[in-house]
Amino acid sequence: MRLHEYQGKEILGRHGIPLPEARLAYFPDEAWLHSMQIGFPSVLKAQILAGGRGKAGGVRLCRSADEVRREAADLFGRSLVTKQTGTDGVPVRKVLVEKVVDIRRELYVSISLDRERVCPVIVVCSEGGTDVETIGIAQPEKIRKIPINPYTGYSSFHTREIMAFLDLDPARRDRIHPLFETLYRVFMDHECLLLELNPLAVTADGELVPVDVKMDVDDNALFRQRNVARMRDLSEQDMDENEARSYGLSFIKLPGTVGCMVNGAGLAMATMDFVKMAGGDPANFLDVGGIATPETIAHGFRILARQKQIRAIFVNIFGGIVRCDKVAQGIADAARSLEITVPVIIRLSGSNVEEGVRLLEESGLNVAIVSDIGEATRTIAAAIAAGTEPVQTRLPEEEER
Amino acid sequence: MAVELFGTTRILVQGITGREGRLHAKLCAEYGARIVAGVTPGRGGESVDGVPVFDTVADAVAHRAPDMSLVFVPPNAAADAMLEAVFAGVRHIVCITEGVPVHDMIRVKRVATTYGATIIGPNCPGIITPGHAKAGIMPGQTFLPGHVGMVSRSGTLLYEAASQVCSHGLGISTAIGIGGDPIIGTDFIRWLKAFADDPETEAVVLIGEIGGAMEERTADFIRETAYSKPLVAFIAGQTAPEGRRMGHAGAIIMGRSGSACSKVNAFRAAGVTVVANLADIGTSVAALLEERNG
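Here the protein sequences come in this chain order: A and B.
Mapping of the first sequence onto the working numbering: position 73 corresponds to residue 80, and the numbering continues sequentially without gaps.
Mapping of the second sequence onto the working numbering: position 63 corresponds to residue 159, and the numbering continues sequentially without gaps.
Some hints here could point you the wrong way.
If the Cβ cut is set under 7 Å, some of the chain A residues that face chain B in the computed set are [claimed, not checked]:
(1) Arg151
(2) Gly271
(3) Gly327
(4) Ser378
(5) Ile380
Hint data in this document are derived by calculation from the structure and do not stem from the laboratory.
Remember, predicted model here, so these are calculated numbers, not experimental data.
A virtual CB, placed ideally from N, CA and C, is assigned to each residue, including glycine.
Can you build the whole structure from these sequences, using the hints too?
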């Protein structure tokens, strides 16, 4: 679960890490009011979860109250389109008003988990505020990765290594060591996947101050990270994706036109790739999971069928624990209450396939049933070729969302 | 022969009194696996479908000497269950559970490594040696006995690949689902080494996906050791967007790292046959074996 910048800073602030003075605004006048209390120059930062905010015009420097009034009015209600959002972008609903930090140097610091070494790793870079990945390729000598043994934790020698590498003033060791020690503790205590300070500013008086904070907490740990779980911002996330999650389905929208419903994450990804190879573009990722029931299948199918851009639906089920007849039952139940005008191709294989096929045939639904993936290739290619006009899936009035 | 799991392997099921645990313990036994004990805290002394239940893994080990533990414990207690098995001396642990916190797995994996225990999973379908035994949730009838080794990060994609391979008149020596999480107990290299030493295995199918760098490391291993057996690889997630977790906790492209393209290129450079289209896995394996044997 990604946290907003202001949420990450709130957590760091609670642990005593020095931060620039900042306040959160929910509407333009509030931003104006905050800026006058904070003083100028101040910066308005759109609080969206998607990365690439700066390039999309989501950060505005203001030198006066008038400028804040103007920029805040423009920022609120605008949708920011970044490389991580769809083409519609994400509407700005919250803006952080922050005092501009007098930056002498920009550093990069992150903590993440190293899959190969099986431990947390601190990554520092002597150049912050930019794309550290690009630096990593062009000038790897500017980046240092420091694995931390999770049993012994963060220790003084780590600070010495970091300070020497970043060429920080040794006289400030007593301020800098607690900062890194705290960052490590926050990362571990909140079960983060990522805690990134980019940039971490070195101010005129030698203080280290995080200017931007990214925090990503393990979704699987939210059952015991209650304080973090409460911070989830559903307003920015897609309604269909939220609804799917509430049924235990994993649904991600994509720009294409072929809707996909699959059991299992790997097969779901492979099915998207397969649609692409058959000449189409996947409209979504949808994994109905390993223990899907007719009810969850029906929910998934309904969510899929109401996606307006869809011109064909491909259901790819390899029955194992999820039996084909249960899947067929779910689809038949959902489809009966929908008026589906796009071609539906259903591939059923594995356990109880005969029963599943019989159920679908008896349902009277206009679906193409195929038994192997090779056969599906031809059927999908034909459906894509035939569907030159976007055919919309019409929903009956009473269909509840 | 096969790897790791045999008809004689004595299997313990942790969480045997739960719905999933009970169902799959029964299905594994019906397939031919020797389910010798179950563990559910507070339910010691009971029996489930004729299998004795113990309160602790230590009790189960003392009375029934299992070689392997199959874990169906919910995610909030799965790490504890795995640690209990490791400390009780169980050498092979298969954890089916999806949703184990990744910080838990850091601890479990480091301890397992120290104690010499092998963990398959979590978030995996388990392991099957067709015709002999299965310890997992895969549909047994999809896997026919034969000489192709399979190892996959994904469950259903493993079934799909197995089904295609078997439809070409081939069969499988052992198939392992290593799991879709970022931190998993065993990697591709661990199983490639096992398959290299297994006389029953003539070729190996690797099924990877986006996220992490396991495939790239595996490609290095294949090249550096001049791996002896023919390899076919498939990578899922060519069309996955950057920065989103695709169902599996471990399946995420972050910036430039973890892309399907990088993995495909790494395998190709190591001389592995990479199948581009999902529908062609079986055909590719059959063609490769024919070329080699014919």
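Does A:Gly271 hold up as a contact with chain B if the rule is Cβ-Cβ below 7 Å?
holds (3 Å)
Interface hint check: A:Gly327, Cβ to nearest Cβ on chain B, cutoff 7 Å. Holds or violated?
holds (4 Å)
Was the hint right that A:Ser378 lines chain B, CB cutoff 7 Å?
violated (11 Å)
Closest C-beta approach of A:Arg151 to chain B relative to 7 Å, hint status:
violated (17 Å)
Interface hint for A:Ile380, Cβ within 7 Å of any Cβ on chain B
holds (4 Å)
This entry does not satisfy hints 1, 4, going by the numbered hints stated previously.
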